[in-house]
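Using the sequences and the hints, build the whole thing.
Going letter by letter, the sequence shown gives residues 4 to 157 in the numbering used here.
These aren't lab readings, by the way, just hints derived from the structure by calculation.
Keep in mind that a hint or two might mislead.
Below 25 Å or equal to it, Euclidean Cα-Cα: the simulated SDA-like pairs (lysine to any residue) are [to be verified]:
| # | residue 1 | residue 2 |
| --- | --- | --- |
| 1 | K147 | A80 |
| 2 | K147 | F65 |
| 3 | K147 | A90 |
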Amino acid sequence: MLESILSFQRLDGNRREQDNEPRDHPGKNPRAERKREVLRQPAWIPLWVGLLMMINMGSIGFWDEPLARWILGVFMASAMLMMGLYARFGFEKILGLGHFLWIPLLPVVVLAIPAADGGFRTFLVVWAVATSISLLLDIVDVWKHFSGVRQAIS
Numbered sequence: 004m005l006e007s008i009l010s011f012q013r014l015d016g017n018r019r020e021q022d023n024e025p026r027d028h029p030g031k032n033p034r035a036e037r038k039r040e041v042l043r044q045p046a047w048i049p050l051w052v053g054l055l056m057m058i059n060m061g062s063i064g065f066w067d068e069p070l071a072r073w074i075l076g077v078f079m080a081s082a083m084l085m086m087g088l089y090a091r092f093g094f095e096k097i098l099g100l101g102h103f104l105w106i107p108l109l110p111v112v113v114l115a116i117p118a119a120d121g122g123f124r125t126f127l128v129v130w131a132v133a134t135s136i137s138l139l140l141d142i143v144d145v146w147k148h149f150s151g152v153r154q155a156i157s
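Spelled out as C-alpha cells, the structure:
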C-alpha cells in the first residue's frame with residue numbers, strides 16, 4: 004500500500020524510474036529496497052508474519068462475535084502503526100512497537116476463552132498463543148532497538 008502512495012503511474016501506463024523514488028532519498032527504488040530487506044531476513048520471519056496475518060484475518064469468520072471484531076480492528080490499527088514505523092525507521096527491530104495494542108487485548112481474549120464455544124474458542128486459543136509468541140519476539144526486538152542495537156530485522 005505504501006508503494007502505491009509513493010509511486011505514480013503516468014496516464015499512458017508507463018512508469019518512469021524516478022516516479023518510484025521517494026523525494027527524500029533520490030536514487031533509491033523503494034520496491035527494490037523492500038525486496039532486498041525481505042531477502043536479508045531469515046526465511047521463518049515472512050512465514051511467521053504470514054501465519055499471524057491469516058490468524059488475525061480468521062476473525063472475519065466469527066464476525067458475529069464482538070471480540071472477533073476487536074481482534075480485526077486491533078490488527079488493522081497495528082498494521083497502520085507498523086507502516087508508519089517502517090516509513091520512519093525502515094526495516095528495523097522497532098517495527099515490533101506496532102504491536103503494542105495487542106498487549107491490552109491479549110488478557111481480554113484469554114479471559115473470554117472459557118465462555119467461548121466451539122470453533123470460536125479454538126480460534127481464540129490459537130490467536131492467544133500466536134499473539135503471545137509474537138509479543139515475546141517483539142519485546143526482545145524493541146528492547147534491542149532501544150538498548151542501542153540498531154540493526155535491521157534478521
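The hints, checked one at a time:
no. : hint        : verdict
1   : K147 to A80 : holds, 24 Å
2   : K147 to F65 : violated, 36 Å
3   : K147 to A90 : holds, 20 Å
Violated hint for the displayed structure: number 2, the only one.
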